[in-house]
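Chains as they are written, first to last, in my numbering: chain Z, 95 to 264; chain B, 20 to 153.
Heads up, some of the hints might be wrong.
[What the hints assert, rightly or not] Here's a subset of chain B near chain Z, in silico, CB distances under 10 Å, partners left out: (1) F42; (2) G44; (3) I50; (4) Q53; (5) L75; (6) G77; (7) V95; (8) A124; (9) T126; (10) T128; (11) Y129; (12) W135; (13) A138; (14) P139; (15) S141; (16) Y142.
[Stated by the list, open to error] Which stretches of chain Z does chain B cover? Using the computed rule of at least three CB atoms under 8 Å from a CB of chain B, they are: (17) 214-227; (18) 253-260.
Keep in mind the hints are simulated off the structure, nothing from the lab.
C-beta: ideal position from N, C-alpha, C; glycine also.
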Amino acid sequence: MKRRTKMMALTGVILLAGFMVLMSIGGFAANPETVNVSVTVPATIQMNMTGMPVSYGSLVPPTTDTSKTLGVTISSNKDWSLAVKKGGDLSDGGVNTIPSANFLFRGQNPGAGVTIVTGSYTQFGLADTTVATGTRGASRTLDVNYSLLIDWNVEAAAYSATHTYTATNP
Amino acid sequence: VESQVSAAAPMLQFAISTGTIDFGGLLTPGIYSQSLTAVVNSNQTWRILVTKGGDLTGASGSIPSSFFTVGAVGPVGYTTYQAPAGTEFGTDTLVVAGTRGANLATTITYRLSVPWTIAPDSYSAAHTYTAVQI
Numbered sequence: 095m096k097r098r099t100k101m102m103a104l105t106g107v108i109l110l111a112g113f114m115v116l117m118s119i120g121g122f123a124a125n126p127e128t129v130n131v132s133v134t135v136p137a138t139i140q141m142n143m144t145g146m147p148v149s150y151g152s153l154v155p156p157t158t159d160t161s162k163t164l165g166v167t168i169s170s171n172k173d174w175s176l177a178v179k180k181g182g183d184l185s186d187g188g189v190n191t192i193p194s195a196n197f198l199f200r201g202q203n204p205g206a207g208v209t210i211v212t213g214s215y216t217q218f219g220l221a222d223t224t225v226a227t228g229t230r231g232a233s234r235t236l237d238v239n240y241s242l243l244i245d246w247n248v249e250a251a252a253y254s255a256t257h258t259y260t261a262t263n264p
Numbered sequence: 020v021e022s023q024v025s026a027a028a029p030m031l032q033f034a035i036s037t038g039t040i041d042f043g044g045l046l047t048p049g050i051y052s053q054s055l056t057a058v059v060n061s062n063q064t065w066r067i068l069v070t071k072g073g074d075l076t077g078a079s080g081s082i083p084s085s086f087f088t089v090g091a092v093g094p095v096g097y098t099t100y101q102a103p104a105g106t107e108f109g110t111d112t113l114v115v116a117g118t119r120g121a122n123l124a125t126t127i128t129y130r131l132s133v134p135w136t137i138a139p140d141s142y143s144a145a146h147t148y149t150a151v152q153i
């Protein structure tokens, strides 16, 4: 009987000790887990333009029309630049063209983060001409004004041309 | 003398579904989210905490803490607290708390805002999740 009592007491002590150990463990952190987070942000640029197409309708010589303006909005996560080039001079598709010196552009009204590079009226080139530069950020804005001179030397005809604007953040 | 000792010892098991959150390699400016699941078995009330090792950091700088947040949706009927969407990571930030139960799954959603002011780069961070009984 004594032996049985001792065994029971010993068993109780062991169970109690185990319980105390578990109690001490249970109140602390369990299984800390680590999550590694990664993300890659590429160089990105977006450009929106308003005021296109540029249509003058009928212009009676002599006149200089400066009413046409393109609105440019650029969002970029790097510093950027905006350039323009012409596909050719205003042409009627035949032999008649309007001289390059008659059709000019300039950058104007820079918003925050924008620097106008070509701020006075300049001829379009066949290669890129930088209009403006800007810093990283959303919705940087500027205007591009057009000036078109129709004098008596311009043959009466319908003329058209294409200009390509390119925004880059190299 | 006979003595009997019986008790339900506090037990806590905790696991998360993934150790990696990869938002991918082409995150143009915008808002993105990724989720993981945390599962708890506990015979006492419990909570999950998270500690950030730092902000998302790359060679060109860090993404501000306010742009990278967390929110939780805990198990229905067992949740006493769940971090609302937009909670910033910190030290021992409370994610979710609940009552005892088995296989208690919490969806933890990361929300990352990438504005145009964030420089292109590869960013990384480490978060440590800890489950405790209370």
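_Checking hints one by one. Is V95 (chain B) an interface residue toward chain Z, by the C-beta closer than 10 Å rule?_
violated, 23 Å
*Interface hint compliance - S141 (chain B) to chain Z, C-beta minimum distance less than 10 Å*: OK, holds: S141 (chain B) within 10 Å of chain Z, min 5 Å.
*With a cut-off of 10 Å, does the beta carbon of I50 (chain B) approach a beta carbon of chain Z closely enough for the hint to hold?*
violated, 12 Å
_The hint names Y129 (chain B) as touching chain Z; please verify it with the least Cβ-Cβ distance against 10 Å._
Holds, because the Cβ-Cβ distance from Y129 (chain B) to chain Z comes to roughly 7 Å (cut-off 10 Å).
*asked:* Does the closest beta carbon of chain Z sit nearer than 10 Å to the beta carbon of W135 (chain B)?
replied: With a minimum Cβ separation of about 4 Å from chain Z (threshold 10 Å), the hint on W135 (chain B) holds.
_Hint G44 (chain B) vs chain Z: min CB-CB distance below 10 Å?_
Where the cut-off is 10 Å and the nearest Cβ of chain Z is about 4 Å from G44 (chain B), the hint holds.
*Holds or violated: is the Cβ of G77 (chain B) closer than 10 Å to a Cβ in chain Z?*
With a closest approach of 8 Å, the G77 (chain B) hint holds.
_Three residues or more, CB to CB closer than 8 Å: is that satisfied between the segment 214-227 of chain Z and chain B?_
violated (count 0)
_Please verify the coverage claim for the segment 253-260 of chain Z: does it have three or more residues whose C-beta sits within 8 Å of some C-beta in chain B?_
As far as the segment 253-260 of chain Z goes, the hint is violated, because 0 residues have Cβ atoms under 8 Å from chain B.
*Going by Cβ atoms only, is A138 (chain B) closer than 10 Å to chain Z?*
holds, 6 Å
*asked:* Next item in the hint list is A124 (chain B). Is there a CB on chain Z closer than 10 Å to its CB?
replied: Interface hint status for A124 (chain B): violated (14 Å vs cutoff 10 Å).
*Please verify that hint: T128 (chain B), Cβ, nearest Cβ of chain Z, below 10 Å or not.*
Interface hint status for T128 (chain B): violated (13 Å vs cutoff 10 Å).
Checked against the numbered hints given earlier, this structure breaks hints 3, 7, 8, 9, 10, 17 and 18; the rest are met.
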